[in-house]
Every structure is written in structure tokens, then in C-alpha cells.
Amino acid sequence: MHIALDYAGLRVIWWALMGVLLIGFALTDGWDLGIGTLLPFVARTDTERRMAINCAGPTWEGNQVWFVLGGGAIFAAWPLVYAVSFSGFYLAMFLVLAALILRPVGFKYRSKRPDPVWRSAWDWALFVGGVVPSLVFGVAVGNVLQGLPFHFDSDLRVLYDGSFLGLFTPFTLLCGVLSVSMMALHGSAYLTVKLEHGPVHDRARTIGTGAAALCMLLFVIGGMVALWGPLGYDITGPVVTDGASNPLRLTAIPSSGAWTRNFIMHPWMYAAPVLGVGGAASALVGMWLRQEIMTLAGSSAATVGIVSTVGLSMFPFILPSSTDIHSSLTVWNASSSRSTLLTMLVATLVFLPIILLYTSWVYRVLWGRVTVASMASNPDLY
Amino acid sequence: MTVAAAFGLAASLSVVVLGDESGYTLTDNQKMKLAAIEAAWHTEPAPAGITLFGLPDVGTHSTRYAVQVPWVLGLIATRSLDKEVTGISELVLKAQERIGSGMLAYRAVQIIKHDPQNQAARQVLALHGRDLGYALLLKRYGADPYAATEQQVRLAAWDTVPDVPLLFWSFRIMAALGICFIGLFATAFLLCSLRQMEHRWFLLIAVAAIPLPWIAAELGWVIAEMGRQPWAIDGVLPTALASSTLSRGQLWTTIIGFTLVYGSLAVIELGLIVRTIRHGPYGRHDAPLPTLPAIPAAA
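Heads up: the sequence lines are chains V and W, in that order. Here my numbering is used: the first residue of the first sequence is 6, the next is one more, and so on. Here my numbering is used: the first residue of the second sequence is 201, the next is one more, and so on.
No lab work stands behind these hints, which were simulated from the structure alone. Hints may contain errors.
One side of the interface only, derived from the structure: several residues of chain W facing chain V at Cβ under 10 Å [unchecked claim]:
1. Q310
2. T439
3. L441
4. R448
5. Q450
6. T454
7. Y462
8. L465
9. I468
Even glycine gets a Cβ: it sits at the ideal position worked out from N, Cα and C.
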């Protein structure tokens, strides 16, 4: 496929890069969020909890930066998307931040005192820091798929017509639980690779099997809603792909099944949902066969597949509006200027490979299992 | 200690250079901020004097009891003896002109919204487009800037003046603190060189000075942010139009929420710090860890 570096091409590239960064976050911080969510269930004694925590211990901070990077890239490349989503999801975003703030202090403070009440309180903080962001991210994606209640006035100010409780509908909750199960699957898959065999490892496998099944089931139900439910929007008017970013020029209509149309028009896109279901399935089989690498590869593939499916299904929409469809943000009307996109692309082409290189180096150095013995002997562990 | 004193002295001296440099940039880019910091109500013949103290009076547009040092402001701001530092009143007149020009641009935009091919409107926009932001200042007085009265235009022009007394005093306190830091670190450096650090009076001053850099930094932030009001982007986007349309309830929720989260964490953190201090600096050496077995090799 040939993509020119004209304005339209750069917009598509940055749309894809936004996906790459969000997938980078879901892949790496996904297992940290998953481990937080699973912590009270896979590990019971203090040593067990410390084992689970120290699987994520040395890398969670670096992983979390993908979230910052994703947010930053959206700010710079898709300023309108940033403005609408961060203000539109204002209280939800606060909830995510408050929960994410509990995570670093949970990791760092927990081991500062031996008091069991102290430690158990921080375990619950880590649980909240894992499950709340996973749930809210999923609910947010569900809302994006449904359309967000916002519109622009003629001065291009954004007005929000929804409420915090309005974010929670059966479909968005389905997406939220799907997200939690996806992170829990990924987290338990990571635990099976990082932990020495023993009771925590066994529980991670059991819970992971359930999470894989749930993840697959909810993803398929989500797909059925997209096929037959009242979900999706179509652009009706002429599309200018390289015009100035002006969201007041769009004409579109709600259209059931529109989110499945891209896959029919471009069959190669089916790779994404196939990867989503197939990945979860192979993770499930991997748990069952005790093939740990296969499990982790499966859960990673599921994460990549599920996130890509959402992005591809909506293209070229990024943030459709449910109350004023003509205010919807698309790849063609919400980006920053061509020179901004080009400059950032050059910077990304230099730095992203470096980041990938040192990240993989860190994981290579840290490769190996967390053991019961290391809990007693290694003073650097949390 | 000597290293810290030397570094502190170098840092507090270099702040003067950096401050001078950013003052010079203000001359070009944010004339109004500079004029407000100096409470320069009118353009003075070059080179302008600097007002060390005084009471800026917003009502009469004058500074009472002003103590001036001749020439200094002209030297700092323009690095010359013959260039003027534009005063607030003259900048307001200029803003008034630009608001008038911006109103034409605003009307042209309204026409183009309905009739994108209107060449006359496009020509007006090309001519007055760079003043469009100034017309948006009129949004405070009515939905349609083009319908504004002359009185409203005058008011909007004066809206381009930030809070003069606040900037005047913030800047002076910040600069005075900066000079105190140089004195403090010079003294510290001297005492260190003479191996005389144990003077009780000096140690007390050093501890008392701990919050001062934060106060100076906060004041600098006040100057930077309050000094560019009413603009979010100078001359382009007024702050009132740049903010989100979130409700007060939502904003209060997060202000209270973040205060509670960070407040509780601060209490916990202080508790841990106090515990560690009580434990004493040699705690670890008093009870050394038992000799550790080698960390098992990674499986």
C-alpha cells in the first residue's frame, strides 16, 4: 500500500500511530493493570502478594509512560480530539487519574511498614488502581463507539450535553467488562511467565482461563451489537481529505451496522477481529496446556486485535457525536496542521525505535521468574 | 556544603541573566505585560526610568509615591538609550484600533460561514484577519462583536490591561527575593571558605529561607500567567473563549477530589518521613541485615 506524505496521508499515518501508542499502553501497562486487578485473588499471604507485585515491580513505571505518550500524541496531532475527549470524559478522567495515583504509592509505600493492616490497605489501593482504569477505559471506548454527546457552536467552542452517569449504558458496561477481562487475561498470562510454579501460578492460570473465556464471549457479543444493534455512523456529504481541520463542514447520519462496513469493503481488516478472538482462544488453550509463552503471545494478540478492531471499525470517524452528528470528529477534520504532523512524524521515526529498543533490552535483562526465595533475600524488591 | 554554596551562588547569579533576557523578549512580544509590571501608565521619553517603589492606582492610571531611578528600564527593556518603552495608555489606544479592525474581520467571517465563495468578505478577512482575536474580546459584552457600541470598544480595550498592582508587587517581591538569595549564598560561600559554617544565626537564616525559592517561583508564575490576561494566546484567543465549558459542579468535584487524594497522601507521606527521621540516620548500621544468600539465578 502506498501512502504519500501529503496532508491526507499524514493524517492516516497519525491515526495509525495513535492506535500504535494506545496498543503499546494496553500491551505493556495492560499486564500491570491486570496484576493489580487480580492481586487480592491470586495471592493471599504477604509473600504471595509481594511475588505478584514484584512481577510488575521493575517495569510498571516505564509501561505507564505509554499512556502519557498516547495522551501527548493526541494533544499534538489531534487537538480537537484531545479537547473533546478530555473535557467530555472530565469526571471519568478524574476517576482514572485518582485511581492511577493510588498505584505508584501502593507499589512504593506498601513495603515501608510490616504492619499487616497497612499492607492490606495498599493491596486494595493497587486493586482499585488496576480495576478502575481498566473499567473506565473500556466504558470510554464504548461511549466513543456509541457517539459522545457534544457539539460545537459556530465559534468552535465545544459544549457537552451529557452527564457522568450517562456514560454507563448496557453496551458501554459490556465494553468496560470486556476491557477488565482483557487486562486480567493479559495480567494472568504475564504472571504465568514471570512467577515460579506454585500456588500463585496455579491461581493465575485458573483465573486467566476464566478471563480468556469471558473476554472472547464479550468481544463476540460486542461484534454482534455492531452488526445488528443501533451502532454506527456514515458520512453522507463530500469528503475533503486534505482540507483545513474544520469540524463544522461534516454531513453524516446515524446508520446501524456502519461499524462493520469497513471490514466488508476491505477484507484484510478482518485480521483484527480474528486476532482478537484467536488470541484469546490460544491464550485459553495455552493456560490449559501449561504453554506459558503461547499464553502470553495469545493474550498479547488478543489485546492488539481487540484495540485495532475498534479503531478500524470506525475509520474515518475518531469521535462521533451522538447529539449533533455534524460535529463529529474524523481523521479528515480534527488533525493539527500538515507541518506539525510532518515534524512529529520525523521525531517519532527517530525516537520510537529507540524506545522500543531499550524497552526490549530492559525486559531481556529482567527476564526470569520471581521466586519465593528471592522475596526473603533480595532487599531491592517491593 | 561548599559545593552547595558555590552552586547556589552561581544559580542565583544566573537567574539575574535569565531574568534580564526574558525581560528583553517581553519588549518585543508582550509589551502590555512589561508595561503592567512597571506600572508604566504612559510612554516616557527614552530612556525610561524604572520605578522601584510606588502605589499603582488603577482608578487614576497613575502611580503615587513613585521612587524612580532614571534610565534603567530603558536600558533593560530596549538595551538602548534612544528607544521608548510603550506605556499602558498608548497600548490601550493601539488595542482599541485593533478591536475596530477585528470587528470587520469578525463580520467577514460570519458572511463567509454562510457564503464561502464571497470574494468581498474574503478580501476584508485577508486585510483584517490578524486582528480577529481582538474582536473576540467584545464577546464579554454581547454575542455579536460587530454590534458593539463605541463605549464597549473602549471598555474592551482597557480589558487588555492585566491587574497592574498585582503584577507590580509580585515582580518587586520576586526580584527582592532574588537579590536576597545572592546575598544568602554569597554569605554561605564566604563562611564555607573560612570554615565558619557553625554560626547559629546563619543556620537559622538558612532554615528560615527554605520556603522562599518556592514563593519566588510562585510569584514568577503569577506574573507570567496574570500578566498575559486577558489572552490565552496573545492577540489571538481570549482566555474566556479558550476555557472549557465544564460546569462549576464538575470543576468543584475535581478540585475537592484532588485535594482530598493528595491531602491524604501528604499526611501518609509525612507520617513515613517522621518515622524515618525518628529511626535516625544510622538505623541501618545499628542493625545490619544478616548476610544474605546469593540471589537465586533466574530460571
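(request) Could you tell me which of the hints above the structure violates, numbers in ascending order? (result) 2, 4
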